[in-house]
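Count the sequence shown with my numbering and you get residues 2 to 327, in order.
Derived from the structure by calculation, the hints contain no laboratory data.
Owing to the predicted nature of the structure, the values given are computational and were not obtained by experimental measurement.
We put the CB at the ideal spot given by N, CA and C, even for glycine.
Hints may contain errors.
[Stated by the list, open to error] Ranges of calculated distance between the beta carbons of each label pair, as one might list FRET restraints:
#, residue 1, residue 2, range
1, Asn223, Thr130, 41 to 51 Å
2, Leu252, Ser42, 46 to 56 Å
3, Asp99, Asp164, 43 to 53 Å
4, Asn223, Asn103, 16 to 26 Å
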Amino acid sequence: MANENVWTRKHLIGIEELSREEVEMVLDTAPQFLAVQDRESGIKKVPLLQGRLIANLFMEPSTRTRISFELAAKRLSADTLTFSASSSSTKKGETLHDTLANIEAMKTDLVVIRSSFAGAPALLTERHTSNIINAGDGYHEHPTQALLDTFTMRQHIRKLREDDSASLDGIRVALIGDISHSRVARSNIWALKKLGASVILCAPETLIPMDIQKMGVEVTSNLKEAMTDADVVYALRIQMERQASSLFPSLREYIRLFRVDNESLKHAPDNALIMHPGPINRDIELASDVADCNRSLVLEQVSNGVAIRMAVMHLLANSAQPTDQE
């Protein structure tokens, strides 16, 4: 188990601000919570957050991330409150600060927030006392997704190498799809670079942000080039709502040039791992037979997501933290 006494952050807002040691601390803490999920006794709870109150504040639609956080909290024996945008008083004009102030009046200990506004979780840390976890803010970051992704990669790299101490140093990851609108891509780039991996982005030029190379990544619009020597092929969801903006000619064209399928995978190593953050647009960014093949880690990502979020909640709530921390 990681020594939580060396964890000093009150909040988890993004991967960019974390050190490699902090990222690895979360990854090293997660296996004990995977073990909780796999208990033969069937009792999948530990009392580490017993008596604590966790509020899930989701200001934009979410299914798997919201459920994952809810389950993580329950498996830590916490009490939970869940608010959605459709039932929140923000629909009546209440500010996000006022919404959170009212929630905190119920004596919450930790708040998980998803917002369509980049920077919203960071702003809330300036005026509120709860530990805050960013569950996705606009096009900015999705830190727990990057943590569960890198954890999943590391588990399989260790298995392939038969080395329980193997790291992600030197592996090559291809991120393929809508980079411009993907907070998952940004958080994964930060995490992978901190952990020593190399990253290549592949997408139509209209879906690649300007100056993204400043993050230390390679960029291509050639899927074959991206696949070559990739240890991990990570397909990102194509957001159908963006198609109205004509950012690529047609779905048929996108499928022909950028879909991860058995044909395009011929350019990747035979043991390349397949990942996707979900939900999958089947047979668009990822072919169904690839999504369901034995190299696909999609469902394992979901399982690992609960363990990672348990680890994050545990570290934030139970570690010694400076009283004057921002």
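Enumerate the violated hints, using their earlier numbering and listing them in ascending order.
Violated hint (a single one): 4; every other hint is consistent with the structure.
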